[in-house]
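Participant: Here's the letter readout for the chains.
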Amino acid sequence: MREAYEVIVVGAGPAGSVAARRAAEAGLDTLLIEKRQEIGAPVRCAEAVGALATQEFIDEDPRWINARIDYYSVSNRQGDRVVVPPTEPTWVVDRKVFDYELAHVANQAGATVVTSAAATGLLREDGRASGVTIKRFGKTRDVKAKLIIAADGTESQIARWAGLKTVPPMADYYSGAQYLLGNMAGRMEPNRCEYHVGMTMAPGGYLWVFPKSADTANVGIVITSDKTAGGTARDYLDRFVAEHYPGSSILNVVVGGIPATGALKKMVTDGLMTVGDAAHQADPLTAGGINLGMYGADMALQVGIEALRRGDVSAAALQPYEKMWAERFGKMHAALYQIRKMMTQMNPDTLDGLIRTASTLDLQSMTPGAVLMTLLKEYPVMLLQARTLVTTGLILK
Amino acid sequence: MFRFFRRPPAPALSPVLAATEALAPVSAVKVLIAQDVCHHCGGCVAVCPPDVIFLDAMHLTIDQDGCTACERCVKMCPVHALEMAAPKESRHARSV
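These protein sequence lines are chains A and B, in that order. Just so you know, numbering that gives the first Met the number 0 puts the end of the first sequence at 396, numbered straight through with nothing missing. Just so you know, numbering that gives the first Met the number 0 puts the end of the second sequence at 95, numbered straight through with nothing missing.
Everything labelled a hint here was simulated from the structure, so no lab data went into it. In this text, all values refer to a predicted model and were calculated from it rather than measured experimentally. None of the hints are false.
Beta-carbon label-pair distances, calculated as ranges:
{"no.": "1", "chain 1": "B", "residue 1": "VAL36", "chain 2": "A", "residue 2": "ARG186", "range": "27 to 37 Å"}
{"no.": "2", "chain 1": "B", "residue 1": "THR60", "chain 2": "A", "residue 2": "LEU371", "range": "49 to 59 Å"}
{"no.": "3", "chain 1": "B", "residue 1": "PRO49", "chain 2": "A", "residue 2": "ARG308", "range": "35 to 45 Å"}
{"no.": "4", "chain 1": "A", "residue 1": "HIS103", "chain 2": "B", "residue 2": "MET57", "range": "20 to 30 Å"}
{"no.": "5", "chain 1": "A", "residue 1": "GLY230", "chain 2": "B", "residue 2": "ALA85", "range": "18 to 28 Å"}
{"no.": "6", "chain 1": "A", "residue 1": "ALA314", "chain 2": "B", "residue 2": "MET83", "range": "36 to 46 Å"}
{"no.": "7", "chain 1": "B", "residue 1": "ALA68", "chain 2": "A", "residue 2": "ALA241", "range": "27 to 37 Å"}
Cβ atoms here follow ideal geometry from the backbone N, Cα and C, with glycine treated the same way.
Using the sequences and the hints given, assemble the complete structure.
Facilitator: See below:
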């Protein structure tokens, strides 16, 4: 590490590594720091990604692809199951290898990568973010940069030190827990991702079973943080596992929090841009954020590189990034947010009934409009949420 | 609100002292961390309005002076590694 770089990226998750790589590819002197001693570990993720989007950022590699998914299913608490093909091919990945590879690619592009290096403070000059204080092996030093990329995850303190408003409402913050379960052969389909919904099983959220191999699966849950009176996310997960997978072994434990607000309105400030979970760039319904974070990083650097070339990294010069994001994902995420709210407020019996009815339909041969009409006929109470349905119907077509 | 004023009033030596005693916080510690339960996920950091929780790579600390005892971190924690300070009822008091 030197005393100054053109770009410092804080956090070597997928978003941070893509940001560092883009900066380095543009010929900028780039530093990527990661507070943990190992990139990608510990994992905080259910590890499913849309393959097409992922391939925009890294070439397919069997070393980090654990399972290839052909179907999704959504089940209610009675076990009725709706099976649908994914909108794009899906992979369940090994984040430890995946994240490491992305950082490695950034390094190959010319970025300096340093692990066990925690950002403990933000430097300012004339009100502009001008560098970070980095603590490594007990020693602290200041490192300057023309542009700082905060990719420090859901707990981003860089963004908050820079004055951005990142604290989410509790109803829009997922509390999650996941086990890597063994002894799963015969209890799941190795090419199907399962979702389980229901307010009694996962208040405000959902459970998932994502295959990792023929015998193991990521089994996890998110609930919203305002609905933890009945227990923590792990308590709910324990109940689900005891009921569905008795005798399974817990090979790994993952916990974490995920913003489900949709991206921050204000993602930049003078000399600083936020990307990934730090900018709340996660899907407000499913909380998936790997590809979204990488898209965010890509957009941020398109704007950031141009701003550096012109020698103006003021908030105004960086704001086109926010606009770019809003144009691509704004409407869709607003709709997904509304769907989540609708499901949260729905009577549990209605939600169960919807899934039961949908499980009897031949979804593959019906248009989404026909499916919607059938469900509305059965559950006219949904008309109360008609506005949401119309909005989402238009956007999801 | 009154959670932190739980200490039973001491026998009154003077009305002023008695009032002071009754209103004094039970302890400066407002949220207890069970380090052996914490998985260092950072969710509590994300939801903390005054930004007084810090996650070093593998160690969580809370600046109790700035803590407003809003309980958001306790509610968010997926594994119940955080708990409001009420020493007599605490399961985790040993690991403060």
